[in-house]
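Peer 1: Note that the protein sequences, when read in sequence, are chains V and S.
According to the working numbering, the first sequence is numbered sequentially starting from 760.
According to the working numbering, the second sequence is numbered sequentially starting from 760.
Incorrect hints may have been included.
[Unchecked claim] In silico BS3-like pairs for lysine-lysine, Cα to Cα no more than 27 Å straight-line:
| # | chain 1 | residue 1 | chain 2 | residue 2 |
| --- | --- | --- | --- | --- |
| 1 | V | K866 | S | K1010 |
| 2 | V | K794 | V | K808 |
| 3 | S | K1010 | S | K794 |
| 4 | S | K901 | S | K891 |
| 5 | S | K866 | S | K808 |
| 6 | V | K1010 | S | K1043 |
| 7 | V | K931 | S | K866 |
| 8 | V | K901 | S | K901 |
| 9 | S | K1043 | S | K931 |
| 10 | S | K1043 | V | K931 |
| 11 | S | K1043 | V | K794 |
| 12 | V | K891 | S | K1010 |
| 13 | V | K866 | V | K794 |
| 14 | V | K901 | V | K1010 |
| 15 | S | K808 | S | K794 |
| 16 | V | K891 | V | K931 |
| 17 | S | K808 | S | K931 |
| 18 | V | K891 | V | K901 |
| 19 | V | K866 | S | K931 |
| 20 | V | K1043 | V | K931 |
| 21 | V | K794 | S | K1010 |
| 22 | S | K1043 | S | K866 |
| 23 | V | K866 | S | K901 |
| 24 | S | K794 | S | K901 |
| 25 | S | K1043 | S | K901 |
| 26 | V | K808 | V | K1010 |
| 27 | V | K1010 | V | K866 |
| 28 | S | K891 | V | K1010 |
| 29 | V | K901 | S | K891 |
| 30 | V | K1043 | V | K808 |
| 31 | S | K1043 | V | K891 |
These are calculated hints, taken from the structure and not from any lab test.
There are 2 protein chains.
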Amino acid sequence: MKTDWQLETYLQDRIQLTESALDRYLPGADTLPAKLHEAMRYSVFAGGKRIRPVLMIAACETLGGNTQHVLPAACAIEMIHSYSLIHDDLPAMDDDDYRRGEPTNHKVFGEANAILAGDALLTEAFILLSNKSVWPEVDAEKRNTVISLLARSAGSRGMVGGQVVDMESEGKEIDLPTLEYIHTHKTGALILAAIKSGAIIGDADEDQWRALCRYGEAAGLAFQVADDILDIVADQSELGKDVGSDQERGKATYPALLGLEGARVRARELRDVALTALDIFGDKARPLREIAHYIVDRSF
Amino acid sequence: MKTDWQLETYLQDRIQLTESALDRYLPGADTLPAKLHEAMRYSVFAGGKRIRPVLMIAACETLGGNTQHVLPAACAIEMIHSYSLIHDDLPAMDDDDYRRGEPTNHKVFGEANAILAGDALLTEAFILLSNKSVWPEVDAEKRNTVISLLARSAGSRGMVGGQVVDMESEGKEIDLPTLEYIHTHKTGALILAAIKSGAIIGDADEDQWRALCRYGEAAGLAFQVADDILDIVADQSELGKDVGSDQERGKATYPALLGLEGARVRARELRDVALTALDIFGDKARPLREIAHYIVDRSF
């Protein structure tokens, strides 16, 4: 690892790789029906940190794996993430008109097209994952394992299950185990799946697998705790709202349950679990290590 | 094939096999989140002709393939079909309160849960298809081919694409090519994929593959033409509506474009194409042959 290595450059390079691969893999905006493919592309290319693809690539690279071999799965997980955002934003769900400052999918394309664009993106992920010609270097058994892993993480006992419990909990007082259930499922499952997919494609041995799983679990939860903290900090500085207004809105968060300082302690603990897990990789895990810092330290 | 062979018994047996396999493969209604799994099961077990699983099993059996080996894919295609019905019925789409005489998913579980139950069923299909332990006899390469086929048929250039064009066409005058686009995509793609999956799992050679594809294309379209005719015939006898009322409602149908008699001629032509394609299989194709009759002749 060169001494002039910089996280920002590392992230930019991987985001760039992911986005140009997404552009190649997704049907063109002129593919029939054009409106549908336009709607799919609208949300996939609406920005975002691409944290799942980046984590998958970084996990694979930590093991000395080939970046090109992991790109189809990295793009598939981003398609799954994009579909989940489109559906979460729908009037029947969170009813959000804006995401990252832009109108949400259903505001631009209508509710029916947004539902279908989400459905199509989820399906497209599996078209890509099962398309042997885009990753001939990865054998069928391994492709199957990655398909299984991503499907389980995205399904009723993973991400979708987390979203259901999140909605059920709205406006109710919930305890810490329920909050952790929501987050380990709604966001944690897919982040862990990103790391695990990178590990599978990078041919992790048993010790490496265990270490990366520990990293992925801790980093996934830390990501959510930090997001909860950031929401409040941003609220306070930008909107002048008090800490705890999220709780009044009926939304359970870590700061609401643990207090702002308690949530920061939890985020730091999780970050340190993630960092310790990387010890066996030495300097090769520098990207994953810096990403753990990047995820958590922005909330200090 | 025994002389006392009866289509009704054949269908009942395969439907029974499919439904008990679906019950085994789907997470139990007490799996957390219970509401979600209850919603998924509600629609999967709401009846239906199970035409896609039956066609897949029949195609595999025509080739002498093992019925047990095809069950996971047969259940997966039914999960995909169920998800598509849940989403089609949503207020933002067809806004249907009843399906097969029972309240639709969103009427029972609410709109958000219905969207998520659909999402979860689509995902569950890929969990099942990539689950090596449920069909160890089918190798990873073949499982992958079936995953690819079903995903493509269900995605933006298949079923979802057909639904988008169907919605875009509502209330507009459309021509026969557009109507055929809608149906070959919205229903035909998944029916053809059922036949093709059976052919792959049953180890079709090139001639058998071509014959089954021809059968699947014709039968898939015939199914829709017959459905359109039945809608009108049922309307006339049960509701006293005139032929053409579908057209007034802004829904394009074969009888609306070809006239009732013209649609019947088209259904018969398609049935005969399907039957001729089966010639190379001799008596082994009796189930597929009788199913083609069953699909079309009910509309006479």
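Peer 1: Run the structure past the numbered hints and jot down the numbers of the failing ones, going up.
Peer 2: 3, 6, 9, 10, 11, 12, 14, 16, 17, 20, 22, 23, 24, 28, 31
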